[in-house]
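**Student:** If you use this note's numbering, the sequence shown corresponds to residues 1106 to 1822, in order.
Keep in mind that the hints were calculated from the coordinates and are not lab data.
For clarity, every value in this text was computed on a predicted model and none was experimentally measured.
Idealized CB from N, CA, C, for every residue including glycine.
There's no promise every hint is true.
Between beta-carbon pairs, the in silico distance windows are [as the list claims (entries may be wrong)]:
1) S1599 / S1429: 26 to 34 Å
2) S1662 / R1529: 46 to 54 Å
3) Q1172 / T1736: 22 to 30 Å
4) P1452 / Q1285: 49 to 57 Å
5) P1563 / S1662: 37 to 45 Å
6) T1426 / G1632: 47 to 55 Å
7) D1479 / S1662: 48 to 56 Å
8) Q1172 / Q1360: 46 to 54 Å
9) P1563 / K1652: 57 to 65 Å
10) T1736 / E1271: 16 to 24 Å
11) D1479 / P1452: 28 to 36 Å
12) K1489 / K1652: 52 to 60 Å
13) Q1523 / R1266: 54 to 62 Å
Restricting the straight-line Cα-Cα distance to at most 25 Å, the calculated cross-link-like pairs of lysine to any residue (SDA-like) are [unchecked claim]:
14) K1300 / D1479
15) K1738 / E1703
16) K1766 / P1275
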Amino acid sequence: MGGVVETGEQPPLSLQHTFLTGIAAMATVGTPSPPSVPRHTNRLINERSPYLLQHAHNPVDWYPWGQEAFDKAKTENKLIFLSVGYSTCHWCHVMEEESFKSKEIGEIMNEHFVCIKVDREERPDVDKVYMTFVQWKENKDALLESSQRILEALRHTSEIRVQGQESPPPAEEVMDTCFQQLSRSYDEDYGGFSKSPKFPTPVNLNFLFTYWALHQTTPEGARALQMALHTLKMMAHGGIHDHIGQGFHRYSTDQQWHVPHFEKMLYDQGQLAAMYSRAFQISGDEFFADVVRDILLYVSRDLSDQAGGFYSAEDADSYPTTTSREKREGAFCVWTAQELQALLPDPVEGATEGTTLGDVFMHHYGVEEAGNVDPMKDPHQELKGKNVLIARCPLELTAAQFRLEPGRLSALLQECQQRLSSARAQRPRPHLDTKMLAAWNGLMISGFAQAGATLAEPGYVSRAAQAAAFLRTHLFDPDSGRLLRSCYQGKHNSVEQSAVPIQGFLEDYVFVIQALFDLYEASLEQGWLEWALHLQHMQDKLFWDPKGFAYFSTEGSDPSLLLRLKDDQDGAEPTPNSVAVTNLLRAACYSGNTDWVEKAGKILAAFSERLQKIPITLPEMVRATAVFHRTLKQVVICGDPQGEDTREMLDCVHSVFSPNKVLMVADGDSAGFLYRQLPFLASLERKEGKATAYVCSNFTCSLPVTSSQELRGMLSP
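Based on the sequences and whatever the hints tell you, model everything.
**Tutor:** Below is the structure:
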């Protein structure tokens, strides 16, 4: 695949007549094997992006996205070949090996095109705009002639706007339709919402939890909860979950969650930590809490910069051994039966005669002598004879098989996992993308903050606060008050910024604001709340569409982009406008600014047609619709944040899943910012010297309660 962009008669900076005939999503291997001949070096050697640096030695004369490339295309009257990818993409590695490392192909590309490389994680705006109009046309003249027509059509189809005086759609109707659509696509056996490939889709699970909370006494509510919890359990048992190295891979290639695409993404870890925290909060099942700890262990150990930020991703591919010359997908994670038998030879006392640790472990995790990967899921035969660990049966059944107590079996499996982890540490690690993105760091801060509050683990809240401080130091410009998109691990563990920093996009603001609200509720430090409200004002200024309503994904100041889009589908991450609705409602509750409630309603109105016809494409916005119509509850606790009675109240609030609440603590001088924002708080006080809770709606408060049991009853949606 390949892509070309043609610059026309207008100055290249405006790109008025820019055309795309295709886009290649391509990347490269993480650590190339030692070269036998001197390598080429191109302009990408001066970039900070790990993806661009990986291509710095291709014979293709790559340019980064920018004016130099546009000017060259205009001067030489050449088409632009645009390649968009990211550093941990497996199929991108395949494309690079087969095309961009070829000297002959490089010569052809250099002669006929100006070649531009874009890291889609640095510049999602470029990726989304050009993916919007992929035409596989070949005739340059035809492209030029149809330029304005294509652009006008694209502008029309990309518009999402309120028509007339539309109001937000009715919540019950939209919620019920979304639930029915999800229910029809649900896999009753293995969970999830497709046959294969199968993605985690946290947006679906978040919707189902909210649907359950609002319909707890109905059969539909019970089914929604069952669908969400079963999916989370099957994922945790499956091969998509790394049973040795913790964390979750990107997706499963099969229906059973067994054989994953082995890449690990930060945005998945952050969202799944939040989902498993909610599953524990709702069910009380310690299984889900253990999965949360598993995810956060992985992120703390393998995706954390010492300055406090979180790295973007780990690659799917790696060298099988230290002497290998070729990378293979999953090499770091898979096992042969012989390896496991050699590593786990110990006899198990009290078990069936002759049983070894290896026997127990291999039975529980579905290991087969010839490998347990279906050849149909292994097109390049990289996993032939290998095993992807998957918990095939409940702990109790494995225990019964070997005549062991479940508690003893659990300890044995943990010993095996530690031993295999040590063995795996001797293998060459996959490439680590040490780019740090504001948006994805926001998702991970939310994961740590929500887990810390729900599991009563202050260490997780501290880690979230450390990461938020990192964002404020390295991805925020205090002079302009604006977020930056990305920064990078530099030499000697420093943090570096590119020569021309990339300004934050809508998703950066939305996910960071959400994170700061979550962190405030977990830590009660009002500085995070104050920063969140500042960023909400800045988001309004930079991205709001006053004509069509809702937020554009990008600012309007970049002339190299043809369109300002509004994403209209929740995917691996929720679309920013979906999260923005809830953020605006939370911001209004913390500030008293009712204009934000009005903005939230306008977003829902702008997406009204889509929400009513195919709400399954926007489950997070459907969830937000219900929150909008029910009005958020302001749970106010008056008491010393360090007092035992206050902590008891806070623990109660954190233990209840209530999707339409915000939490705040109002206590004298420590609540100065909140008192300035919400004067009505000054009238609330402790009763009988005890920590006292109020549940308020539209700044009108309930009678005070001083017992956690009474408060719990008031938190129901």
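**Student:** Could you run down the list of hints and mark each one as holding or not?
**Tutor:** Status of the hints after comparison with the structure:
| no. | hint | result |
| --- | --- | --- |
| 1 | S1599 / S1429: 26 to 34 Å | holds, 31 Å |
| 2 | S1662 / R1529: 46 to 54 Å | holds, 47 Å |
| 3 | Q1172 / T1736: 22 to 30 Å | violated, 49 Å |
| 4 | P1452 / Q1285: 49 to 57 Å | holds, 54 Å |
| 5 | P1563 / S1662: 37 to 45 Å | holds, 42 Å |
| 6 | T1426 / G1632: 47 to 55 Å | holds, 50 Å |
| 7 | D1479 / S1662: 48 to 56 Å | holds, 50 Å |
| 8 | Q1172 / Q1360: 46 to 54 Å | holds, 48 Å |
| 9 | P1563 / K1652: 57 to 65 Å | violated, 47 Å |
| 10 | T1736 / E1271: 16 to 24 Å | holds, 20 Å |
| 11 | D1479 / P1452: 28 to 36 Å | holds, 33 Å |
| 12 | K1489 / K1652: 52 to 60 Å | holds, 58 Å |
| 13 | Q1523 / R1266: 54 to 62 Å | holds, 57 Å |
| 14 | K1300 / D1479 | holds, 15 Å |
| 15 | K1738 / E1703 | holds, 17 Å |
| 16 | K1766 / P1275 | holds, 20 Å |
Hint violations for this structure: numbers 3 and 9, all remaining hints satisfied.
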